[in-house]
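**Q** Chain order of the listed sequences is U and L. Everything in the first sequence is counted per our numbering, starting at 1 for the first residue and increasing by one. Everything in the second sequence is counted per our numbering, starting at 1 for the first residue and increasing by one.
Do not take every clue at face value.
[Said to hold, decoys possible] Okay, the calculated bits of chain L under chain U, using three or more residues with CB under 8 angstroms as the criterion:
(1) 269–283
(2) 291–298
(3) 307–316
Calculated directly from the structure, the hints in this document are not laboratory data. Even for Gly, the Cβ is constructed at its ideal location relative to N, Cα and C.
There are 2 protein chains.
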Amino acid sequence: MAEPTGLRTDLDERRWARVALTVLAEPGTRAIHRLVARHGPVRVYRMALDGEIPDESARESVEARLRKIDPRRAADDAMAVAERLGARLVTPEDDEWPLSLSALERLALPGGNRRVDRETAPPLCVWVRGDWPLAEAFERSVAIVGARAATQYGEHVATNLAHGLALREWTIVSGGAFGIDAAAHRGALAAGGLTVAVLACGIERAYPAAHSAMFDRIVETGLVISEWPPGAEPYRPRFLIRNRVIAAATRGTVLVEASARSGATQTMRRAIALGRPAMVVPGPVTSAMSVGCHEMLREYESTRVVTGVAHVLEEVGTIGDLAPVARGAERSRDQLDDQAAFLLEAFPRRGVTGVDELSARAALDVRTTLRKLSLLETLGFVVRRSGGYALAPSKGRSREAPP
Amino acid sequence: MAEPTGLRTDLDERRWARVALTVLAEPGTRAIHRLVARHGPVRVYRMALDGEIPDESARESVEARLRKIDPRRAADDAMAVAERLGARLVTPEDDEWPLSLSALERLALPGGNRRVDRETAPPLCVWVRGDWPLAEAFERSVAIVGARAATQYGEHVATNLAHGLALREWTIVSGGAFGIDAAAHRGALAAGGLTVAVLACGIERAYPAAHSAMFDRIVETGLVISEWPPGAEPYRPRFLIRNRVIAAATRGTVLVEASARSGATQTMRRAIALGRPAMVVPGPVTSAMSVGCHEMLREYESTRVVTGVAHVLEEVGTIGDLAPVARGAERSRDQLDDQAAFLLEAFPRRGVTGVDELSARAALDVRTTLRKLSLLETLGFVVRRSGGYALAPSKGRSREAPP
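Produce the complete structure using the sequences and hints provided.
**A** And the structure:
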């Protein structure tokens, strides 16, 4: 792992207040989020201490916690643990805050459980282990979720999907649990891809403990994140609260296996409520582990059957993603016309290059350059990035960690 | 088998002309059907002999056949074979003609193959082996179709579905082929239910030959039918032409397994074009035999995932069908209130009884009678029929053959 970015020592009062508020109120509490949006975290923290939260239910929860917890000390402790761990706190004040999470401001679950509905607002802050900037990791990301008690079939499908998507530079997001979650993370890791585990407890805690080594591997190349401060326990309701982040942060959610009314179908319901592509892998009707998947397909018109990587890309990808993977690309270079081949040669080995620069390097006019870039992209030789184009990884993924 | 109803000896000229036209033009030819609707079969038969069919393509096909076949003799031969077989000819002039088939008059397949499109009109006549009146057999019917090269999973699901639906007095319609078709027919037979095999060749011909015994069993309690005259061979294109009858005659079609672009998906496309419930059983995404099923679910919004009998009944059934099967009904009689129990006792053993009569027999006012009937229906003790109510069969099916 690179030099830990750690916890910023100049952490300002606002960031600190966000942590303290997360200690005092369960993440996602809409009443708290609205107050913070209006008054800022510092003032809301003081309101919390003074019993001035207008929403009665939120106020009472906060007061109950205040009787047991010293929020100042809990926040300081959480930060100390994070620092030791080389983890960092990311807040909406940071550049790396994923804007996709603000979709949660409008999330209302039709027919949802009232208690859960109250816990659907965006996180106040997120704790992060791993070097990738949070927003960048989520930029091209797909959630793959499903049953803990998955079958061999489900794990096989989840691993393959994650592997194939990771090869195409998609980040695989899941919850780090047994079964489908772990199969998805592992598929991405096997492809040398980026994967993010979104936990429902403190990031210092490997939960489940059996996945401790997997989380360490994820942190080496990807991220382990949580909106709960270090020290938070994986209480059952937290998994449902956490699921909204998985659904909101990603471009779409794939449900691989689920028993009837399982937690994974709740993640799908959130993706549907957010208007994100909600994809379902069907299975044998004789399998209890596919009942939840088939229920989703029957209940929600907006769900879509997906059976493989191509179907997922059809939902979340752009034209470039529908190109075949650049396997054996070296051989098909022969088929390029001279201009395209020359342009490809002109690419720097690493990083993103602007169209003007490429045009100059290849001595082609900009129009021809754009046309040939489009061809190269379609054939899988290059990929479009913000600011220009980059060579497609010829095998697996070889992203460099950011400084 | 009961006394064969045989071929009516007073078969009038119109019926004879329909047979001769079926010999001269492939069933479903829209141009011929339109002419028959306008001018009647006798006149169109003469037009065919005189080369006066206005539609060029239909006229040329007819002329090609006239050069090889003597239609008079072929029709007579077909009728003689049918008579020996104890089969009968059913035409739109007969009471037992299924009116559901007239939906084919409006069938147009979007994006369909032009040749097949021409062959989508209703049959001119249908040959029938078996005693049940044709229209009655199709009244409460579901088509279960799928791959010939089915997997064990697919056959298991098809058998179970057919068995469960047959227990609930639904007729199972399929094509008599290997794989899913045979599994569906056998599931219905095992439940003592009614099943109809719709062939794509003459009904005297067991095709496939290995199903000869199964067809004989079907004829004992159900029907084997075809729109092709005895003697007709099972040419490949005929299966597609036949499929429209399976889709049109039934209340809905269930696709159990299908490889990509298989014939069974064509039956589904016809059901969809007819606006009939189009139901799909999903399967493992790793199975080539479910690819066609998942394709249908992805391509057509009107398709619905079904995983069992209850889901199928939700699509095709009425309120009464959603009641649990009357298994173990004898025991649960204890749970009935006095009035309901008395009303149940008052039912005649056989046949349909009107509400007034039941009210009189049970000495209950009509309003109470209706309320208790509704309860008894929900609990599966009685079934609603046109004209009143009847006792639900306590085990399997015990329909009497019509005289």
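**Q** All hints, please: hold or fail.
**A** Hints, verified against the model:
Interface restraint, the stretch 269–283 of chain L with chain U: holds (3 residues with C-beta to C-beta distance below 8 angstroms; minimum three). Residues of the stretch 291–298 of chain L with a Cβ under 8 angstroms from some Cβ of chain U number 4, which satisfies the need for three, so the listed coverage holds. Using a Cβ-Cβ cut-off of 8 angstroms, 3 residues of the stretch 307–316 of chain L lie near chain U, which meets the minimum of three, so the contact claim holds.
Violated hints are absent here; each numbered hint is respected by the structure.
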